[in-house]
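Q: Next come the chains, spelled out residue by residue.
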Amino acid sequence: MSAVSGLLPTRSGSGFGRLGRVAGSPLLRLIVKRVVMAIPILFGVSVLTFWVLSLIPGDPARAMLGMNATDQQVEALRQQYGLDKSGPARYWDWLTGALHGDLGISMVSSQSMSSMLGDRWAVTAELVVLSFIVSLGVAVPVALLAARWPGGLFDRVSMVCSMTGLAVANYVLALLLVLVFAVELGWLPAIGYVHISDGIGGNLKSMILPTLAMAIPLFCFYTRFLRGDIVDQMQGEDYVDTARAKGVGPWRVLWSHAFRNSSFGLITIVGLNIGTLVGGTVIIEQIFALPGLGQLLLQGVNTRDTVVVQDLVIIFAAIAVLANLLVDVLYAVLDPRIRYGSH
Amino acid sequence: MNASHETLSDLTGAPVATRGPAVAPEGLTVPGSRPSPRRKAGRGETREAVLEVTDLRVAFSREGRTVHAVNGLSYEVRAGEMLAIIGESGSGKSVSTRALMGLLPPSARVTGSARLGDTELVGMSEKAMRRLRGCDLAMVFQDPARSLNPTMRIGAQIVEAIRAHSERNGLDKKGAQARAIELLKLVRLPAPERRFHEYPHQLSGGMRQRVMIAIALAGDPKVLIADEATTALDVTTQAQIMELLVDLQERLGMAVIMISHDLGLAASYAQEVLVMYAGKAVEYAETEDLFSNVRMPYTRALLGAIPQLTTQAHSLLPVIGGQPPDLSALPQGCAFRPRCVNAQDDCAVAPTLDEHEPGHWFACWHPAESRRTPAAEAARNGSTAATGTPAATGNPLSKGGEA
Amino acid sequence: MAVIDASSAQLESAVVAAGAKPRGRWRAWMRTWIPAGTVIFILAICFLGPTVLPIPGATGGDVLESGQGPFSPGHLLGTDSNGNDVLSRLLSGGQASLLIGISVNVIGIVIGGTIGAVSAYVGGLFDTIVMRLLDVLIAFPSLVLTLAVAQSLGPSKRNTIFALAFFSVPAVARIARSSTLRLREMPFMQAAQLCGSPTWRILLRHVAPNVAPQLISFAALGMGIVIVTEGALSFLGLGIPAPAPSWGNMIFDGQQSMSATPLEVVWPSIALLVTVLAFNQLGENLRARWSGR
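Residue numbers (the working numbering), protein chains in the order written: chain A, 11 to 353; chain B, 53 to 455; chain C, 1386 to 1678.
Just so you know, these hints were derived from the structure itself, not from any lab. Take the hints with a grain of salt, since some may be wrong.
Ranges of calculated distance between the beta carbons of each label pair, as one might list FRET restraints [claimed, not checked]:
#, chain 1, residue 1, chain 2, residue 2, range
1, B, 116, A, 166, 48 to 54 Å
2, A, 332, B, 157, 40 to 46 Å
3, A, 339, C, 1436, 42 to 48 Å
4, A, 210, C, 1641, 31 to 37 Å
5, B, 157, C, 1416, 19 to 25 Å
6, B, 225, A, 159, 27 to 33 Å
Straight-line alpha carbon distances no greater than 25 Å define the calculated DMTMM-like cross-link-like pairs of lysine to aspartate or glutamate that follow [said to hold, decoys possible]:
#, chain 1, residue 1, chain 2, residue 2
7, B, 179, A, 248
8, A, 43, C, 1669
9, B, 274, B, 172
10, B, 225, B, 172
11, B, 179, A, 345
12, B, 179, A, 81
13, A, 43, A, 345
14, A, 95, A, 81
15, B, 179, A, 165
16, A, 215, A, 129
17, A, 43, C, 1512
18, B, 274, B, 100
19, A, 95, A, 85
20, B, 274, A, 81
The beta carbon of each residue, even a glycine, is placed where N, CA and C say it ideally should be.
Using the sequences plus the hints, can you model the full thing?
A: So, in structure tokens, the structure goes:
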């Protein structure tokens, strides 16, 4: 058995032998390469954030304590937060702390960042994950239906709708949804978050509108991409002709040939989207009063709490980088051309 | 000998001439009859035609303009034999075979007739056509690197072809897998059990094309269309794949339509050759007959453009001047007229494809001189009877595909 | 390769190339000019409207005149809760949005285009470093860092432009880089290099004109993104500071009294939607046209 087929299930060979083959596999090499590449990006992200926030004119300590504070008070605060040190020194302090899981203490509430983050991350994660599930879950069938009869009625209607949906800003959409479903119809709560421990039904109900506000533009984007890519495949790829020449039915050609190949492009697109999506939670959490990371960031921005802003910007960026990493790995695992290398 | 020509054309000539509506684009003369060349009696038994194409026409309409890709094509293929359709790109050779399989885009309008046994293919519903595709009619495409799905294992792609016709072969998943391995053995793919689990990119070009052939064979086709099936391969592999096709054709008794622009390949492997130009057949004969006695100036020009060992080094090859015709605005008369060295005034009236010599059909008013003198004729028939292999004699090209 | 094979693909492209029937040409014309016309109309009415049309100023309205409905005398679209004319605020707000969008995209194309083209053309270590830096910038959820930048610089039109340009530049640089890389392989580029033309000349004469169409069509799409993001910043109070109007802060103001006077949210939302839609369509059509599809 050759090295390229190392990941194939084999009955023969000791566990060690299999491991050896896996270690030499192109997949593992690719994953290691991606992880190694993500590290300098994360580093760069944190440096950049520090640098940008150090551009703030004026003194955050003075700004926090107000005009009436004495110079001694300000100086004490500056020392407490290390603001008297140079930029690189402060970055070093932060980095060593962060690597030990200590993200510092909020300048406004004097709470530790870890306790402030608390279970806020779960709210944001729920919002993001639900949005992905909803948008992809609807986009795939709609795109398949549209691509089945290109130029047909369903195709035209869905393309016009998705084109419009793509142009709607998510905050406008959020307000529109609140106006219709909360204010006019009164079906769903306009704002607020029900914790999952208070019942999953209530929790989901409170998440419907925020999820829709995030998912609809995303759905439009995915539908348009997927429909276009599938139609291109159906018209331009020889293996689609082969499948048709085999006598395979049209839906099966669409699903297991065109879509199967399009899904790789979709994965890439999803990866590129994660950053935007995570950023979008800031405004959606603000509108729907969801106690997530985005809301905390905005609080930090409004109270000029540099520690909170700094940590959250880096956390958001790290989420985007890591999600991209995950997508890259997923792509590699799913694509046989990468999984087994080439001959 | 002479008498037998007549009897055979009587046998099959009549019904072909009248079948199929003749929808002519403006400015084109519709020839009255669309005959096919007949087997010469000297060859012995006559096998029955599996596929009979009569006056096939394909037009693409888009935004008000019409491109006439195929303009009245007629031929027939018999079981266990290979017909080569030769032409430049744009001559309609591929389009005509895709039309048979219903693989053209919706903008294509196909008329005429194509009978596979008792089944009329033209105008067949997509659903009925799907049952035929991959079963009675199969196709191997040009580029094996692109015609296999890169994300599916080889085995799954063959099994899919078998399972698509489960109502006919009655095979369950297990049976289909066993049959797939059998097919891989049939196309002589090394280590079929292992290759079954591999992906296309792990195979070489020749192996991929063997897989494509295995897929095509999944439904025991009566007619196999090889659309430039060896063009993307290197010469050695090309010869291997052609040998495989010829072998399978004989063993399984399939009819093979081989589409190519390579005259050498046609000369080496096909029993009959049909030369297409601007969507029409311009010359049609048995391979030996055609190559030893080229009559149509276009075919002659094609042959002239091939370098040969006897060509003096550094001499310029003759090229066919001018451009292939614009199929949306075909000229009056013979489509080759603007590029033809023999063209004269009467070429403004389109010549019909006629049987000018027994078994040799061409469409030209001013053909090249026939080399078939009575003496040569006698010698030729003698040698054919002796060797029995196609294209073995007097053919300057026959080495082209075997190298 | 198209549906059929090389030869029939050739046929089909021949049909297209040889000129379509009037109906097809008319449709293609409409596809480009409806969004282009809309964009021109929006630009004209936002920049010329406030001076040409007989409407009151965007700020400094009389509170006594607040909350008037549409078609009330002197106020075509009514007044907001501060008594300011809604139409006037829409136009001035649009002016701000468009100005920011245009500035950000011009900065993006000039700086990002130069970085991307030079980086791809020079190649080597320089290219690697530039790409890593761009990766860092692209990794950021743009709204998040824009928020931080806007906060640190303080809300103003100029600072909003800076904050947004921060993300436009790397995106454009990426596109310029990839299309320059493709160009580098072209025979005419190699010919120019062999002729000994200086680098700046090759970049200006050969690279720029070939990369420009892609960047311009991207910029049209980018206008939509910038306008929406600017709206988000203003909505959060970090973009254009009140009382100066912007579509974002108008939506925010309207949100406060949404159940009573929903129209206050609706007007700027429609303006935003139409503008973004027009730019998106324009961008997509330009891209389709220039990529020869």
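Q: Hint check: residue 274 (chain B) vs residue 100 (chain B), CA-CA at most 25 Å. Holds or violated?
A: holds, 12 Å
Q: Determine whether the Cβ-Cβ distance between residue 157 (chain B) and residue 1416 (chain C) falls within the hinted range of 19 to 25 Å.
A: With a Cβ separation near 22 Å, residue 157 (chain B) and residue 1416 (chain C) satisfy 19 to 25 Å, so the hint holds.
Q: Could one say that the CB atoms of residue 332 (chain A) and residue 157 (chain B) fall in the range 40 to 46 Å?
A: holds, 44 Å
Q: Within a Cα-Cα threshold of 25 Å, do residue 179 (chain B) and residue 248 (chain A) meet the stated pairing?
A: Holds, at roughly 21 Å.
Q: Keeping to a limit of 25 Å between CA atoms, is the pair of residue 274 (chain B) and residue 172 (chain B) held or broken?
A: holds, 14 Å
Q: Compare the distance between the alpha carbons of residue 225 (chain B) and residue 172 (chain B) with 25 Å, and conclude whether the hinted pair is satisfied.
A: Given pair residue 225 (chain B), residue 172 (chain B) is violated - Cα atoms ~32 Å apart, limit 25 Å.
Q: CA of residue 43 (chain A) to CA of residue 345 (chain A), is that 25 Å or under?
A: This hinted pair holds, its Cα atoms lying about 17 Å apart.
Q: Using the C-beta atoms of residue 225 (chain B) and residue 159 (chain A), is the stated range 27 to 33 Å upheld?
A: holds, 31 Å
Q: Is 42 to 48 Å respected by the C-beta to C-beta distance linking residue 339 (chain A) and residue 1436 (chain C)?
A: violated, 57 Å
Q: So if I understand the rule, the pair passes when the alpha-carbon distance is 25 Å or less; does residue 215 (chain A) with residue 129 (chain A) pass?
A: holds, 19 Å
Q: Is residue 95 (chain A) close enough to residue 85 (chain A), meaning Cα to Cα at most 25 Å?
A: holds, 12 Å
Q: Decide if the proposed pair is consistent with the structure: residue 43 (chain A) and residue 1512 (chain C), CA atoms, cutoff 25 Å inclusive.
A: holds, 19 Å
When each numbered hint is compared with the structure, violations occur for hints 1, 3, 8, 10, 11, 12, 20.
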